[in-house]
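**Student:** Based on these hints, arrange chains B and C with the ligands on the given structure of chain A.
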Amino acid sequence: MSLLKTFNRGGIHPPEEKHSANEPITYGTIPVQLMIPVNQHIGKPTEVVAERRAAVKRGEILAKSTGFVSSNVHSPVDGVVQKIVKFPLLGGQISDCVVIKPANIGENFKDIIDADTLNEVNIEGFSKDEIKSKIDEAGIVGMGGAGFPTHVKLSPPAEKPIDQLIINGAECEPYITSDHRLMLQKSDEMVKGIRILQKLFDDIPVTIGIENNKPDAVKSMTEATAPYKNITVQALQVKYPQGGEKQLIESITGREVPSKGLPMDVGVVVQNVATVVAVYDAFYYKRPLTERVTTISGNLVDKLVNIVYPMGTPVSHLFEPHGIDREKIRLLLGGGPMMGRTAFSLESPIGKTTSALLFFDDSAYEAREENPCIRCGNCIDVCPMGLPVAQLTEIIQANNISTSSKEDILDCIECGSCSYVCPADRRLVEWIRIGKNIIRREK
Amino acid sequence: MFEILLPGLILGGFALISSTGLFFASKKFYVEEDPRIEKVVDMLPGANCGACGFAGCQAYAENAIHKMSLETTCPVATEEEMFQISEFMGVDSGSGIKMVSSLMCNGTDANTQHIAEYHGIEDCWAYTLIADANKACAFACLGLGSCVTVCPFDAMKIENSIVIIDEEKCTGCTLCIDSCPKYILHMRPAGKTVTVTCFNTDNGAMAKKACNVACIGCMKCEKVCEDDAIHVNDFLAKIDYDKCTLCEKCVDVCPTDAIQVMGGRVHVAAENV
Amino acid sequence: MENKHLLILDSSPHGRLTDSTKKIMYTVTLSLIPALAVAYWFFGWSVIRTVVLTSIFTVGIEWLIAKVFDDKIDAFDGSALLTGVLLAMNLPSNSPWWMLFIGALVAVVLGKQVFGGLGQNIFNPALVARVFLLISFPVAMTSWPKPGALSDAVTGATPLGMLKTEGIGAIAKMDVMNLAMGNMGGSLGEISALALLLGGIYLFIKKYITWEIPVLFIGTVFVMTGIFWLADPAKFANPAFHLFTGGLILGALYMATDMVTSPLSFKGKLIFGFGCGFFTVIIRLFGSYPEGVSFAILLMNAVVPLLDRYFPDKKFGVVKNG
Ligand code: SF4
Ligand code: SF4
Ligand code: SF4
Ligand code: SF4
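Protein chains in written order, with this note's numbering: chain A, 1 to 443; chain B, 444 to 716; chain C, 717 to 1038.
Isolated chain A (complex conformation) (with noise of 0.2 Å):
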């Protein structure tokens, strides 16, 4: 294996707190209802055709794409629709969602998705339009974080070659594991995945970017791609963000994408592990995107779990199974510590983007009041994209954006790494997405 790679600017190491790497991927039991947002993507929002108290069945459409940036939503179970909700979502947002009464109500879910025929495919009798249309059809969308359908990731217009193909096995978000149990347990699926992904842009090579701390997750996914000489594994030094897209695109290619760009601007195209599989999943067993392996930990579970729950099951409904203590929850994220959204709701659903529920009490949060900036310098320091974040968040506070400063503020990604090392506690990422709100809103 070549050195470690890494991408140049910025970074922070936050403690891993990765305690559930080394618990096997299990099932949960189906809830008495699910709650399925019908909108778990980034784009045009979904049009609901499931009809109320109709009957349906583990993989109908509940929602319907609207256009070629929307996904669909499927139905987990069999079951009936009972109505439909607005429901608070785990980021926050307040969306409908279609409530479901499962027919198999505490069965264990893995033998629902042990009944999924298992098909032989032959990849080479699609068309690259097939494989497309099959992956929007399945509902896939971009499993990391973001939810933006995949399809439309993998539809880079001719102008712009792809030549290099990624799949984010990164994972460097504190506590999350799902991905690097995805990689050790499922590491021929997810190759049979990527050779789908690979016919699409011609055979091109394919690095498998994984964070170094996990090397047994390295050696299988070697392992598993051994028989194809342009899948490659690249071990990366453990830095956060290096999930970050345009990150490991500089590390494993050293190309940086331009300001206000995407990755096909450099030829890349990026696809996160779980994703990879979910394609997988809409091949080989033509089954949607309804479930998602969710790490959850925290300082209020008991047992740690990197488990597969039908995609709309409440969080409410895990306490019993992970003894979480309901009372003394102070802090839901759904995803990691860095990135990962509050909720405010204990009866928020799981969705295609929960990638770790994490459970904190009290003693997890401290609330920090805002200080002076002292310029100390960290926050531009340890910035991935290397933004002068103290004087950005300072203007912005003073509601004095400029044109120049403008461009800057949407280039941040979010990675919350300025804040993580602010010593006067200042709200960086949360100035900065108050600015980017204040441009969107001015636009």
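All the pointers check out, no bait thrown in.
Computed cross-link-like contacts, DSSO-like style, restricted to lysine-lysine with a CA-CA straight-line distance of at most 27 Å: (1) B:Lys652 - A:Lys101; (2) A:Lys86 - B:Lys652; (3) A:Lys286 - A:Lys199; (4) A:Lys406 - C:Lys1031.
Hints were generated in silico from the structure; no laboratory data involved.
**Tutor:** Same frame as chain A, now just chains B and C with the ligands:
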């Protein structure tokens, strides 16, 4: 001597550079100004709030003189003031009903509950980047005062987690309207004090569960109104101020007190008669 | 949706490094202890008196300002204390108490609070005070206690002062090692470059200062004075002499690197360091004051906003590559 001179030299140098800069700038950008512009500026209230859509009173006056029109009125000026300006310019003054801002929410701490403990930046937009609602009613005023910050006339304040607007101080500049991420500030004619203090379009049962004083869309007000001035759409009553005669009958019948008279009732409540 | 207790809503990231403004300020203050110890060794109790008095004055004045004007100011965040200690190190240890008080007043009020408090000041507060005192009380500020003197009765000029007034002959006998150890007349902190260096290295390891400014500052002084010395050793002192006298080390390690008043960007820091060194040498060699460090740093402080603006760090993805 050098060191004593040094600070003097630096300061002097700065002063010199900036004054020459200013001098040239004023030369370069000097334009012959229509003397009427200054007159109009003098007649304007001079709040420089930009609510008219121009960059301050000067820009407004320039536009008015150049176009010789008062099509855009100054929202802050009184009818009287606008009339004077129109007399001076010899053009029609725009219509000048004084409007004030009005909050369509009564979700005080007593009427609805907070659903989370927020620790972020005290700003309504900042809040919406973290969650869509902070009270049981998702339509409610967040009470973090983004509107209070933009109001140039000190007409707003936060009390019991909602905004209170001082109708006397409000000039109707409309700046607060767009500053609210919940879009619950609306303009109404000054003096038309009967207002629906709710923006919840959920059905009656849900609205009632969320807030004690929510409009539940029961239509009682619509039926009692003799002037056809109040209508319920999407479970929410809305008043047509062109028709409302301030009879306050709707206020009497509303079962949830979702219709309020700002600044106190003028008519005595029916049950007290 | 009813929760018995409310969940916390906050913006990511949901964890912070434990560093704080307080910690940084107190650590920097602590790192001055070796230098203070050396000063104590040479000057005795008056050192402690001066340091304690100025610290009490600066913190006290800041506390008063906080009480009267703005309760958001935290007088005990360590920044006032640090200013106090640094100010003390820039003054003769036998300064009268009222001079210390005036210095503290100028530092906290004119140097810091008029700009809007911590983080907003353009000039290093301790240096503002020092220059103010230097201009107002030139005599008191240039008669320094001699090392080992027990009272303030015996005073003399600093090596640089001697160089200025008496010419190169006066310093010919001085031993560079002695200067480095601090065995010379001077302000508290001008003496003992080695002890200061120790503190500086500690700060460097703690990442509270970066190498750019001190290295460029000291390097520039060394090289420039070296050039003059080589050109005419009879007229100019040798670079080692310049290195260890006149608070250069204190200035380069502690005053110029003050976070608030130094540039944020890498290039900015390089230019800042070089500028400090350049002006120090110019003033020392050609100005009428023997000592140029304070003026040079203040001068460069003034251009920090420009440096930050015109020499920003390279951003990600700004240079296109194929
Ligand atoms: S959140 Fe934005 S500004 Fe802060 S370190 Fe990350 S990219 Fe830079
Ligand atoms: S890390 Fe905080 S204190 Fe340091 S420069 Fe950035 S904003 Fe200022
Ligand atoms: S409340 Fe204030 S901002 Fe809103 S219209 Fe009235 S004066 Fe303008
Ligand atoms: S009215 Fe709108 S802007 Fe004002 S406090 Fe309420 S939510 Fe915020």
